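*Asks:* In the order they appear, the protein sequences are chains G and V. Each residue of the first sequence is one higher than the one before, counting from 1 in this note's numbering. Each residue of the second sequence is one higher than the one before, counting from 1 in this note's numbering.
You can take every hint at face value.
With the C-beta cut set under 10 Å, the calculated list includes, among others, these residues of chain V facing chain G: (1) Gly54; (2) His76; (3) Phe84; (4) Gln88; (5) Leu89; (6) Glu104; (7) Ala106; (8) Ser150; (9) Pro155.
I should point out that these hints are in silico values taken from the structure, not numbers from a laboratory. Quantities reported herein were computed from a predicted structural model and do not represent experimental measurements. Note that beta-carbon positions come from the ideal geometry of N, C-alpha and C, so glycine has one too.
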Amino acid sequence: MKPWPASARLWWALAGVPVLFLGLFFLWPAGTVIVRGLLGDDGFGGGDLAGALEVLTRSRTLHAIGTTVVLAVLGTLGSLLLGIPTAWALSRFSWRGARTVRALVTVPFVLPTIVVAAAFSALFSRSGLLGGLGLDQSMAAIVLALVFFNISVVVRIVGGAWESLSPRMDDAARTLGASPARALARVTLPALRPAIASASAVVLLFCSTSFALVLVLGGSRIRTVETEIYLQVNQFLDLRAAAVLALVQVVFVGIALWVSARARAPRPPAAVEPARAPRGRERAGIALALGPTLLLLALPALALVERSLRTVDGYGLDHYRDLFGDPPARSTLSAPVWHAAVTSLLTAAVATAMAAVVGLVTAVLVSRRARRASALESLVMLPLGVSAVVVGLGVLLTLNRSVLGVDLRGSWWLVPVAQAVVALPLMVRALVPAARAIDPRLRAAAATLGASPWRVLWRVDAPLLRSATAASLAFAFAIAMGEFGATAFVARPDRPTLPTAIARLLSRPGIDNVGMAFAASVLLAALTAAVMLASERLRTTVGAEI
Amino acid sequence: MSGLSVHDARVTYPGRPPVDAVRGVSFDVGPGETVALLGPSGCGKSSLLSAVVGVTPLAGGSISWDGANLARVPVHRRGFGLVFQDGQLFPHLTVGANIAFGLEMAGVSRPAREARVEELLTVVGLSGLDARAVTELSGGQRQRVALARSLAPRPRLLALDEPLSSLDADLRARLAVEVRDILRASGTTGLLVTHDPAEAEVMADRVLRMEDGLLV
Numbered sequence: 001m002k003p004w005p006a007s008a009r010l011w012w013a014l015a016g017v018p019v020l021f022l023g024l025f026f027l028w029p030a031g032t033v034i035v036r037g038l039l040g041d042d043g044f045g046g047g048d049l050a051g052a053l054e055v056l057t058r059s060r061t062l063h064a065i066g067t068t069v070v071l072a073v074l075g076t077l078g079s080l081l082l083g084i085p086t087a088w089a090l091s092r093f094s095w096r097g098a099r100t101v102r103a104l105v106t107v108p109f110v111l112p113t114i115v116v117a118a119a120f121s122a123l124f125s126r127s128g129l130l131g132g133l134g135l136d137q138s139m140a141a142i143v144l145a146l147v148f149f150n151i152s153v154v155v156r157i158v159g160g161a162w163e164s165l166s167p168r169m170d171d172a173a174r175t176l177g178a179s180p181a182r183a184l185a186r187v188t189l190p191a192l193r194p195a196i197a198s199a200s201a202v203v204l205l206f207c208s209t210s211f212a213l214v215l216v217l218g219g220s221r222i223r224t225v226e227t228e229i230y231l232q233v234n235q236f237l238d239l240r241a242a243a244v245l246a247l248v249q250v251v252f253v254g255i256a257l258w259v260s261a262r263a264r265a266p267r268p269p270a271a272v273e274p275a276r277a278p279r280g281r282e283r284a285g286i287a288l289a290l291g292p293t294l295l296l297l298a299l300p301a302l303a304l305v306e307r308s309l310r311t312v313d314g315y316g317l318d319h320y321r322d323l324f325g326d327p328p329a330r331s332t333l334s335a336p337v338w339h340a341a342v343t344s345l346l347t348a349a350v351a352t353a354m355a356a357v358v359g360l361v362t363a364v365l366v367s368r369r370a371r372r373a374s375a376l377e378s379l380v381m382l383p384l385g386v387s388a389v390v391v392g393l394g395v396l397l398t399l400n401r402s403v404l405g406v407d408l409r410g411s412w413w414l415v416p417v418a419q420a421v422v423a424l425p426l427m428v429r430a431l432v433p434a435a436r437a438i439d440p441r442l443r444a445a446a447a448t449l450g451a452s453p454w455r456v457l458w459r460v461d462a463p464l465l466r467s468a469t470a471a472s473l474a475f476a477f478a479i480a481m482g483e484f485g486a487t488a489f490v491a492r493p494d495r496p497t498l499p500t501a502i503a504r505l506l507s508r509p510g511i512d513n514v515g516m517a518f519a520a521s522v523l524l525a526a527l528t529a530a531v532m533l534a535s536e537r538l539r540t541t542v543g544a545e546i
Numbered sequence: 001m002s003g004l005s006v007h008d009a010r011v012t013y014p015g016r017p018p019v020d021a022v023r024g025v026s027f028d029v030g031p032g033e034t035v036a037l038l039g040p041s042g043c044g045k046s047s048l049l050s051a052v053v054g055v056t057p058l059a060g061g062s063i064s065w066d067g068a069n070l071a072r073v074p075v076h077r078r079g080f081g082l083v084f085q086d087g088q089l090f091p092h093l094t095v096g097a098n099i100a101f102g103l104e105m106a107g108v109s110r111p112a113r114e115a116r117v118e119e120l121l122t123v124v125g126l127s128g129l130d131a132r133a134v135t136e137l138s139g140g141q142r143q144r145v146a147l148a149r150s151l152a153p154r155p156r157l158l159a160l161d162e163p164l165s166s167l168d169a170d171l172r173a174r175l176a177v178e179v180r181d182i183l184r185a186s187g188t189t190g191l192l193v194t195h196d197p198a199e200a201e202v203m204a205d206r207v208l209r210m211e212d213g214l215l216v
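Same shape as in the complex, but just chain G:
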């Protein structure tokens, strides 16, 4: 093939945008973490693997690794235990309110992790709704929070597969003499196995990167690899140990991603038959399947709202009012919480703008070429394969040079940069399919009518991508608003974002601090939910396709 040199040059020139952005703000930082982890602080000469081994064999480290594995496995099992019956009740039958319940179940997933952490803290802490259970700072509380967060993943993936499974297959097994239980075990569950495996892998990934949950709910006793990285940086100032642990975390996430890639669920065929109304005992079954799930979803949310309204002498809006006043004396905040909310909105806006430029350029480039495009797409997806904590640590280590190791305050723009790196892959994942869905012949048609490549971009691609772009922008904004893992490393103590301010307030006892944390969490949840809702709206009004 004789390529058009001009268009190829333009492609490569534009590809410089994502390559430079990710190279500077992701590959260099993440690469530095890995090199440091392997070779030690002063880097490239000696090759200090013994030092890495020393960090790895510390009892603290081994303990953190063990806790991470146990939490991830228990969180995944719990999510399956509650999620599979819920998927059955929601995908097998149609009944009044099923849509509402389905929408409710998906809510936790879009909540910022710090909000979920605050909600479970509100539920289980000593003066909480279930404070009497003594689950404060326990593994059980963290596992329940992980389940709360991930039920929706199981319901979406397994429920989708279940919907596309013909109920006739089950009937066939019954006519061959199988009891309902045997039909389930021999026919239905095996058919669902790929979907269940895929859901497990995704949940495992989320459970091993649930930094905020463990940091808030684990207190000083329960530490995972991610919180250990944070402690090493913030309390012990041991960046070497943090880098080694980050390496461990990269391996963890790599394994989870590898498993999930192998277990990818096949695309389910269209639903064979519409779901029917439940009969007789099935109604009881549905109630039994949904009861625990709804209880788990409702209790923390109720507890959070209740605690945000509870004051020293009864109930009131005092804590919400405090968000706008001076910070309480015993907190570590130096400014009112609403400052943090404004900071969050601003940094999220900057992060979204950065992610939008890089994401749109990538989507357009990927839709124009086949082979070199897939390399570009994988590059942009890479941050998804590393936990946000590692991104934050990397940015801290590389882009914060002058103050390395002593003063951990970064300049303000590190926050939106880190958030943009975290949000970019998710944004691109929403944009690229939309860009690919535009028939290349439509662009050819425009060209034969006299449109230059730039005009094709503005007159064909831009209008057809408008709704997908708006939806993905809102999505990226919501992610940046709630981002905690990376932000925790780079946000300046005197200029926290809303999530880091909440974490700070939660770490200090005292009803004023904690009450304000809960009120701020409700605020953050409301902001995120509003943006996510807008994103969902925009997505469903995608322009008519021929």
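Starting from the known structure of chain G, fit chain V onto it as the hints suggest.
*Replies:* Chain V only, in chain G's frame:
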């Protein structure tokens, strides 16, 4: 030499092994003449058409118009129209805006655009559907709009890639005659690709048969 002149054109698609879709084809189309490339699917006729329009690059040979080589002329400056098998109307634009697209690219003023759109809608028998969304059209109406859109900027050559094969037999026969009359009336040079001998016979002044990347 005036009109289209194709000399030893070759089209190769990369891959292992590369696919030689067109393996050295030469022919001419005179001004105002309509030529059909007839052959079974996979014979390379659509690839040849794409190369003439400039959507697919040539691997060898040359394509020229009025004696000027088009190798360095990009698609949007060739002044060749193309009607796709399935229309490829812009889904976000109305019928009128689809037809006006090429005029807008050429910098035609708004009143002149509106007049030309009106004129072409009459030509293809769809007057009054100006403001309609293209998603609301039937298959036959879409192909008529696609034809009007391609004709609007008065292309030097109109390439038609199986323009009627997505329609049912009845409509196909009627539209074939109509398209021929429209091309004749406007004096447009045409290059038609089809697998249907009857269609080629009706619409074209001259029929070239193609097989396995070569003219036979």
